[in-house]
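Colleague: In the numbering used here, the protein residues as written are 10 to 87.
Treat the hints as calculated values from the structure; they're not laboratory data.
Treat the numbers as computed from the prediction; the structure is a model and nothing was measured.
It cannot be assumed that every hint is accurate.
[Said to hold, decoys possible] Here are the computed lysine-lysine pairs in the PhoX-like style, where the Cα-Cα straight-line distance is at most 25 Å:
{"#": "1", "residue 1": "Lys32", "residue 2": "Lys12"}
{"#": "2", "residue 1": "Lys51", "residue 2": "Lys13"}
{"#": "3", "residue 1": "Lys28", "residue 2": "Lys12"}
{"#": "4", "residue 1": "Lys51", "residue 2": "Lys32"}
{"#": "5", "residue 1": "Lys51", "residue 2": "Lys28"}
{"#": "6", "residue 1": "Lys12", "residue 2": "Lys51"}
[As the list claims (entries may be wrong)] Beta-carbon label-pair distances, calculated as ranges:
{"#": "7", "residue 1": "Ala75", "residue 2": "Val29", "range": "26 to 34 Å"}
{"#": "8", "residue 1": "Val11", "residue 2": "Ile62", "range": "16 to 24 Å"}
{"#": "9", "residue 1": "Ala75", "residue 2": "Lys12", "range": "18 to 26 Å"}
{"#": "10", "residue 1": "Asn59", "residue 2": "Lys28", "range": "35 to 43 Å"}
{"#": "11", "residue 1": "Asn59", "residue 2": "Ile15", "range": "29 to 37 Å"}
{"#": "12", "residue 1": "Met10", "residue 2": "Pro54", "range": "30 to 38 Å"}
The beta carbon of each residue, even a glycine, is placed where N, CA and C say it ideally should be.
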Amino acid sequence: MVKKAIREAYGEALAELGKVNDKVVVLDADVSSSSRTVHFAKAFPERFFNVGIAEANMASMATGMAAAGLIPFINSFA
């Protein structure tokens, strides 16, 4: 078993999900290098949205995307 940081595994898993489901989208609040969503961004730039430091707006965007049938993942620091 290879040990890796949770955030690295998360980023890799998002990229894998993107391969098997084209409804997966990722929204990021300027933390893609830290959250490792950069993996998804490189693989699917058309489904990656960096909204900057507008976390409340990001949550609203994700709500709309979900209502439209997409599967959003939002990323920021807690």
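Colleague: Just pull the numbers of the violated hints for me, sorted ascending.
Modeller: The structure conflicts with hints 1, 7, 8, 9, 10, 11, although it agrees with all the remaining ones.
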